[in-house]
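Q: Dock chain F against chain S, hints included.
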Amino acid sequence: MILRLASQSLMARALTVGMTILAIALSVGLFLGVEKVRTGARASFADTISGTDLIVGARSGSVQLLLYSVFRIGNATNNVTWESYQDIAARPQVDWIVPISLGDSHRQFRVMGTTPAFFDHYQYRGGRSLDIAEGHGLDDLYDAVIGADVAATLGYAVGDPIIVSHGLASFTDHTDQPFRVAGIIAKTGTPVDRTVIVTLQAIEAIHVDWQNGGNTGRSTPVDVIRQMDLTPTAITAALVGVESRLQIFGLQRWINEYPEEPLLAVLPGVALQELWQIVGIAETALIGVSALVVVTALIGMMAMIFSSLNERRREMAIWRAMGARPATILGLLVTEAVLMAALGGALGLILLYVSLFVGQPWIDAAFGIWLPIAPPTLREAWVLGIVMVAAAVVSLFPAIRAYRLSLADGMMVRI
Amino acid sequence: MTVPALALTDVTFTWPGQGGFTLNCPAFQIAQGQSVLLLGASGSGKSTLLSLVCGIATAQSGQVMVDGNDLGALRAGARDRLRAERIGVIFQQFNLLPYARVIDNILLPLRFAPGRRARTGDPRAEAARLCAALGLPVDVLTTQAGRLSVGQQQRVAVARALIGAPALIVADEPTSALDAATQGNFLDLLFDQVTRAGSTLLMVSHDERLGQRFDRVIRLEEIIKTQRTAA
Numbered sequence: 001m002i003l004r005l006a007s008q009s010l011m012a013r014a015l016t017v018g019m020t021i022l023a024i025a026l027s028v029g030l031f032l033g034v035e036k037v038r039t040g041a042r043a044s045f046a047d048t049i050s051g052t053d054l055i056v057g058a059r060s061g062s063v064q065l066l067l068y069s070v071f072r073i074g075n076a077t078n079n080v081t082w083e084s085y086q087d088i089a090a091r092p093q094v095d096w097i098v099p100i101s102l103g104d105s106h107r108q109f110r111v112m113g114t115t116p117a118f119f120d121h122y123q124y125r126g127g128r129s130l131d132i133a134e135g136h137g138l139d140d141l142y143d144a145v146i147g148a149d150v151a152a153t154l155g156y157a158v159g160d161p162i163i164v165s166h167g168l169a170s171f172t173d174h175t176d177q178p179f180r181v182a183g184i185i186a187k188t189g190t191p192v193d194r195t196v197i198v199t200l201q202a203i204e205a206i207h208v209d210w211q212n213g214g215n216t217g218r219s220t221p222v223d224v225i226r227q228m229d230l231t232p233t234a235i236t237a238a239l240v241g242v243e244s245r246l247q248i249f250g251l252q253r254w255i256n257e258y259p260e261e262p263l264l265a266v267l268p269g270v271a272l273q274e275l276w277q278i279v280g281i282a283e284t285a286l287i288g289v290s291a292l293v294v295v296t297a298l299i300g301m302m303a304m305i306f307s308s309l310n311e312r313r314r315e316m317a318i319w320r321a322m323g324a325r326p327a328t329i330l331g332l333l334v335t336e337a338v339l340m341a342a343l344g345g346a347l348g349l350i351l352l353y354v355s356l357f358v359g360q361p362w363i364d365a366a367f368g369i370w371l372p373i374a375p376p377t378l379r380e381a382w383v384l385g386i387v388m389v390a391a392a393v394v395s396l397f398p399a400i401r402a403y404r405l406s407l408a409d410g411m412m413v414r415i
Numbered sequence: 001m002t003v004p005a006l007a008l009t010d011v012t013f014t015w016p017g018q019g020g021f022t023l024n025c026p027a028f029q030i031a032q033g034q035s036v037l038l039l040g041a042s043g044s045g046k047s048t049l050l051s052l053v054c055g056i057a058t059a060q061s062g063q064v065m066v067d068g069n070d071l072g073a074l075r076a077g078a079r080d081r082l083r084a085e086r087i088g089v090i091f092q093q094f095n096l097l098p099y100a101r102v103i104d105n106i107l108l109p110l111r112f113a114p115g116r117r118a119r120t121g122d123p124r125a126e127a128a129r130l131c132a133a134l135g136l137p138v139d140v141l142t143t144q145a146g147r148l149s150v151g152q153q154q155r156v157a158v159a160r161a162l163i164g165a166p167a168l169i170v171a172d173e174p175t176s177a178l179d180a181a182t183q184g185n186f187l188d189l190l191f192d193q194v195t196r197a198g199s200t201l202l203m204v205s206h207d208e209r210l211g212q213r214f215d216r217v218i219r220l221e222e223i224i225k226t227q228r229t230a231a
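Chains as they are written, first to last, in this note's numbering: chain S, 1 to 415; chain F, 1 to 231.
Looking at chain F on its own, in the form it has when it is part of the complex:
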């Protein structure tokens, strides 16, 4: 039996300090290679959930397993390393270091993930291949990231998330900054490359229309409960 790409069990988490936002997730799993869309409005705890999955925040109780690794059992440095090795992250927007060249942006996670770098073979060639596959112009690699259009930047972010084929791709509303026409095209390219890499895709969005492309569509409130306690 293969390990799930992501498994949360009896997770509770409260943000430290005032605000008192608590999140509960009794059980949630994603199998290897699946694509999952989490639907939720802002403020529904999706940022917190993604922080837990990426190992930036640590659950007070329960277990978060990424690709068979228990994040709670790891020290902070090891969690950062695990994130670099196993997870590719795509944000809503402002994904890239604007002052750096595209190639440096794409290769950045490999800097923190020797295993993933070794797996990539020739990182520059792979970066070029991904850019070409994502429909970016040939000379994009040496361009300053800040000079690209928003749509191009999002595709560079996909290339960066996918380089070295990490087990899990986490995408936080990656299409919300794009217009309707480019959204579809962007998702086509994203799915092609995720499939090719054999990665698992966890996307968070509030847009239900994206649903038909995914293996599973889950509403956030089905798997997590949040409550705000007065400070």
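Extracted from the complex, chain S is given alone in its bound form:
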């Protein structure tokens, strides 16, 4: 009966109570949303590469190597010579090795030179392989296979010409050697979606007339280039698979101690862990801020209860006259606060799912983060529970004031 009266009392003050509940709902929705994005981003990152045992690049930081080779974030500080690459490829432990050459771009997308073996060995999301949805793979020197986002953003279809730009965000184009869209890869939710893939030889070919990063001004005809030896002198990084997982560390040590040139081999999982440690600080800050928003909403509720106390003194006097103890009045106010928090929390959860449904495709397109829509977990239940407990604690302050007031007023309100 107290619960019913408490909810009726809330309904009688629908406007202010509604505002308070809305504030709680928004803050809870935000908090849970941040949590979803955080775990979603982690899962997306972790899903980006699988099946690769080692990533090899010039010596730098393992996070940096992971970022530029797999996520196309940042740049390599140095290259790996073709000789080193071949030495690694010749190691008995190596099952397969795929070279990667980065540095050019097409519009806002990066161009990656590699071998057709990339399509056989690159795996994502727990062992899924790339699937060429339209067209075919890299058959010709000037074939380009593009990711789903590249095709969607630039409106490319198989057969369309592509001009690769020199460097990143540059104004010089390799106009003399146009590529042709040979295939479009089905959406993966990884950086591959935003990559233009060409052969390693093609990267070499478009730089025939370039030396030390500058255009020599000559323009070698395409049919001459086709006759040239286009073996690259250097690559950016390489993805390696080993014969047996037991050999990973042996090979890693061998590469890291390679005497001819400073190299770095990292395990993708370990590098990701390091990345989390760096990102973790920002994540903690983000969670802290969104938790503070929840606290703010609860303090708003406390202020609302405080300000309602004066006009409710009459009501408290009635309760007292009917035989209610001051503790009952305290309980009534705390019950109201918990009810508001529960409603706010439930509304926040609904808000979260609505925005997930609405925002999921957009976030995927804009950031490449796929937020799974799953039923609420125990974790969310905990959050809602804690919000309700916090509401009860916060409401104790006005409730204790009401307790004191009702002791002083008794049944007679002297206003």
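Just so you know, the hints here were simulated from the structure itself, not pulled from any lab data.
Each residue gets a CB set at the ideal place from its N, CA and C atoms; glycine is no exception.
Some hints could be false.
Partial selection, computed: residues in chain F whose CB lies under 10 Å from chain S [stated by the list, open to error]:
{"id": "1", "residue": "Gly-77"}
{"id": "2", "residue": "Leu-82"}
{"id": "3", "residue": "Arg-83"}
{"id": "4", "residue": "Asn-95"}
{"id": "5", "residue": "Gln-144"}
{"id": "6", "residue": "Gly-146"}
{"id": "7", "residue": "Leu-148"}
A: Okay, now just chain F, sitting in the frame of chain S:
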């Protein structure tokens, strides 16, 4: 010999804090089933007296007995319980929780008084009977209390005070918010139901014209002395 419904002996009480309002009541008794009108202007200490009778305030010395129970000997929780069990209260106005339905308002004291609830039998039926006897419309029980007229609200307050037939009904100027025509009618209904329940009625008012209906009419200054001491 039956115990009096209410007995105050050598009671002194001073409100805590500044203001220094002190009340003395050497002796005052009401027998079971009597109806008593206390006449007093506002500021004469009647609110304080009612607080003492209802066990909201506790006398610093002396004895307040309600239906044979010494309030001073009880702890705060037990006094609240006693009030719920033995006393029905009617205020001047704003008696009801405006957001709650009439039925919930009437049944509210029973929530805190298991004995009184048990005595009532079927509380909902009794609430309906009281409303009907007090001339309230049939559908009033499910109406929100705040939607009723002042006169109707006062009658609902009577129903609430009388449900479970508590020993003592305390009414604080229950008619002052009503116009002259409805006052008489209201008092008729109140007396009918108080008599039927066999309860004792203590009403406080400043209106001497109400006097002829009561067994006893007492001026407040005859039984209590108040004094204000400068803070």
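Q: Against each hint, give a clear statement of whether it holds in the structure.
A: Structure-based check of each hint:
1. Gly-77: Hint on Gly-77(F): holds, closest Cβ of chain S at ~6 Å, below 10 Å.
2. Leu-82: 8 Å, holds
3. Arg-83: OK, holds: Arg-83(F) within 10 Å of chain S, min 5 Å.
4. Asn-95: Status holds, d = 7 Å.
5. Gln-144: Holds - the Cβ of Gln-144(F) comes within 10 Å of chain S, reaching about 8 Å at its closest.
6. Gly-146: Check passed: Cβ of Gly-146(F) comes within 8 Å of chain S, closer than 10 Å.
7. Leu-148: Hint on Leu-148(F): violated, closest Cβ of chain S at ~15 Å, above 10 Å.
Going through the hint list in order, the structure does not satisfy hint 7, though it satisfies all others.
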